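Novice: Model the full structure from these sequences, guided by the hints.
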Amino acid sequence: MKLVRLLAGLATGFVLAAGASAAGFPNHTVSLIVPYPAGGPSDVMARQIQPALQKALGQTLIVENFGGAGGLIGVGKVLTPQNDGHSVLMASPMELIQTPLAMSSAKFQPDDMRLAGMIINTDVILLARKDLPAQNVAELVALARKADGKRLSYGSVGKGSLYHLVGEHFAQKANVPLLHVPYRGGVQVLQDLAGGQIDIVFMPLAGPVLGMVQSGKVKALALAAGKRHPLFPQLPLVSETAGIGDFTFDIWAALAVPKTVPDEAVEKLQAALADALRQPEVRKELESTGPRVSAAATDAQMAQYYRQEVARYKAIAQAIGLKPE
22 MKLVRLLAGL ATGFVLAAGA SAAGFPNHTV SLIVPYPAGG PSDVMARQIQ PALQKALGQT
82 LIVENFGGAG GLIGVGKVLT PQNDGHSVLM ASPMELIQTP LAMSSAKFQP DDMRLAGMII
142 NTDVILLARK DLPAQNVAEL VALARKADGK RLSYGSVGKG SLYHLVGEHF AQKANVPLLH
202 VPYRGGVQVL QDLAGGQIDI VFMPLAGPVL GMVQSGKVKA LALAAGKRHP LFPQLPLVSE
262 TAGIGDFTFD IWAALAVPKT VPDEAVEKLQ AALADALRQP EVRKELESTG PRVSAAATDA
322 QMAQYYRQEV ARYKAIAQAI GLKPE
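Taking this note's numbering, the leading residue of the sequence shown gets 22, the next gets one more, and so forth.
Hints in this document: simulated from the structure, not taken from any laboratory. Since we're looking at a predicted model, the values are computed, not measured. Treat the hints with caution; some may be incorrect.
Below, in silico cross-link-like pairs of lysine to aspartate or glutamate (DMTMM-like), each with a Cα-Cα straight-line distance of 25 Å or less [unchecked claim]: (1) Lys76 <-> Asp64; (2) Lys194 <-> Asp271; (3) Lys240 <-> Glu261; (4) Lys76 <-> Glu302; (5) Lys76 <-> Asp284; (6) Lys335 <-> Asp320; (7) Lys171 <-> Asp152; (8) Lys344 <-> Asp133; (9) Lys248 <-> Glu160; (10) Lys167 <-> Asp152; (11) Lys180 <-> Glu346; (12) Lys98 <-> Glu302; (13) Lys238 <-> Glu160; (14) Lys280 <-> Asp132; (15) Lys194 <-> Glu160.
Between beta-carbon pairs, the in silico distance windows are [what the hints assert, rightly or not]: (16) Glu308 <-> Pro203: 26 to 36 Å; (17) Pro251 <-> Gly170: 38 to 48 Å; (18) Lys280 <-> Ser125: 20 to 30 Å; (19) Lys280 <-> Ala163: 41 to 51 Å; (20) Gln156 <-> Pro345: 32 to 42 Å; (21) Gly237 <-> Glu288: 46 to 56 Å; (22) Arg313 <-> Asp267: 19 to 29 Å; (23) Ser236 <-> Gln103: 12 to 22 Å; (24) Lys335 <-> Gly247: 15 to 25 Å; (25) Glu288 <-> Ile341: 31 to 41 Å.
Every residue gets a Cβ at the ideal spot worked out from N, C-alpha and C, and that includes glycine.
Specialist: Put into structure tokens, the structure is as follows:
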């Protein structure tokens, strides 16, 4: 009987300890893991929200960069059995959904993670080298169809990336041949586009893109969005071109954690992020180069949105014959 009472007491103690741990989240330093090198868009955004998020959480929040393998290294730092919510991923569809579609080294499935708060949504813009003899999508399609034996080229940040999937999807929808040119990062893509080494690219309207368009270093042809952007009210939508049909893409940034993290911790992360995003100075900084702060969403709405994104990109990958390598 004594042994039974002892075991019962220990079990009760473990339950109470677990409850206290969840209730006390966060109870030590929180790491915001950026799955890309310092200086990139994800890193900049993480550092923009870090002060306000740290204040809302009431604990030290450090930004750590773990770049490489299309973001998979950073995901691996967060996706561990020991993670109780104190390691959070600065996430996007790139590393959670798209990279695993192309890389067999991904040892996780998208549904191993859950979104813990949306931060921004960024429209995708179609850019061209400044001297490309096309001023809109219709002229671009006509140029691509010319039988001169040379395909127009488009840049990406790697096989399976948003840039790649959207580029191939466009080629299919427009029924034109395009040459895929992969790069290691978005900075290199923009440099070669400005230098005339590649013809076009689909990429997020964020970071240095706005300045390069405004300075005339590259040319904006259209937005792959559902509505026009306030910074470019005259820029048409890809879907407004006859024969293309719906062509709406964006890239989002969110906080993400393993699905095994307790709901209580996720709720506190969501509340802290919502508090941070209510700060006018944070919103102004995030939206200064093109993105828009995401609309508030419940946990159920984020889960549904995430499932839809996973299904959408899997369908595109299947349509273009993309397989993990």
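Novice: A separate judgement is required for each hint: does it hold in the structure or not?
Specialist: For each hint, the structure was consulted:
1. Distance hint between lysine 76 and aspartate 64 is fulfilled; the C-alpha atoms sit about 19 Å from each other, no more than 25 Å.
2. Distance check on the hinted pair: lysine 194 and aspartate 271 sit about 17 Å apart at the alpha-carbon level, within 25 Å; holds.
3. Between lysine 240 and glutamate 261 the CA atoms are separated by roughly 18 Å; this keeps the pair inside 25 Å, and the hint holds.
4. Between the alpha carbons of lysine 76 and glutamate 302 the distance comes to roughly 14 Å, so the proposed pair stays at or under 25 Å and holds.
5. With a CA separation close to 21 Å, the supplied pair lysine 76 and aspartate 284 stays within the 25 Å bound.
6. Our distance criterion of 25 Å between C-alpha atoms is met by lysine 335 and aspartate 320, whose separation comes to about 23 Å.
7. Proximity of lysine 171 to aspartate 152 is assessed by CA-CA distance (about 17 Å); at most 25 Å being required, the pair is judged to hold.
8. Pair hint lysine 344 plus aspartate 133 holds up; C-alpha atoms about 20 Å apart against a cutoff of 25 Å.
9. The straight-line distance between the Cα atoms of lysine 248 and glutamate 160 is roughly 21 Å, inside the 25 Å bound, and the hint therefore holds.
10. Annotation: proposed proximity of lysine 167 to aspartate 152 holds, straight-line Cα distance about 17 Å (limit 25 Å).
11. For the suggested pair lysine 180 and glutamate 346, the alpha carbons sit about 10 Å apart, so the restraint of at most 25 Å is met.
12. With a CA separation close to 30 Å, the supplied pair lysine 98 and glutamate 302 exceeds the 25 Å bound.
13. A C-alpha spacing of about 20 Å is found between lysine 238 and glutamate 160, which places the hinted pair at or below 25 Å, so the restraint holds.
14. Distance hint between lysine 280 and aspartate 132 is fulfilled; the C-alpha atoms sit about 8 Å from each other, no more than 25 Å.
15. Annotation: proposed proximity of lysine 194 to glutamate 160 holds, straight-line Cα distance about 15 Å (limit 25 Å).
16. For the pair glutamate 308 and proline 203, the beta carbons lie near 30 Å from each other, so the given range of 26 to 36 Å is met.
17. Hint check: proline 251 to glycine 170, Cβ distance near 42 Å, so the stated range 38 to 48 Å holds.
18. Taken as a hint, the range 20 to 30 Å holds for the pair lysine 280 and serine 125, whose Cβ atoms sit roughly 22 Å apart.
19. At about 47 Å, the beta-carbon gap between lysine 280 and alanine 163 stays in the expected band of 41 to 51 Å.
20. Between glutamine 156 and proline 345 the Cβ separation comes to about 38 Å, which falls inside the hinted range of 32 to 42 Å.
21. Between glycine 237 and glutamate 288 the beta carbons are some 47 Å apart, a value that agrees with the proposed interval 46 to 56 Å.
22. About 20 Å separates the C-beta atoms of arginine 313 and aspartate 267, a value consistent with the hinted range of 19 to 29 Å.
23. The given range of 12 to 22 Å is broken by serine 236 and glutamine 103, whose C-beta atoms sit roughly 47 Å from each other.
24. Distance hint for lysine 335 and glycine 247: a CB-CB separation of about 21 Å, consistent with the stated range 15 to 25 Å.
25. For glutamate 288 paired with isoleucine 341, a C-beta distance near 39 Å keeps the hint of 31 to 41 Å intact.
Of the numbered hints listed earlier, those contradicted by the structure are 12, 23.
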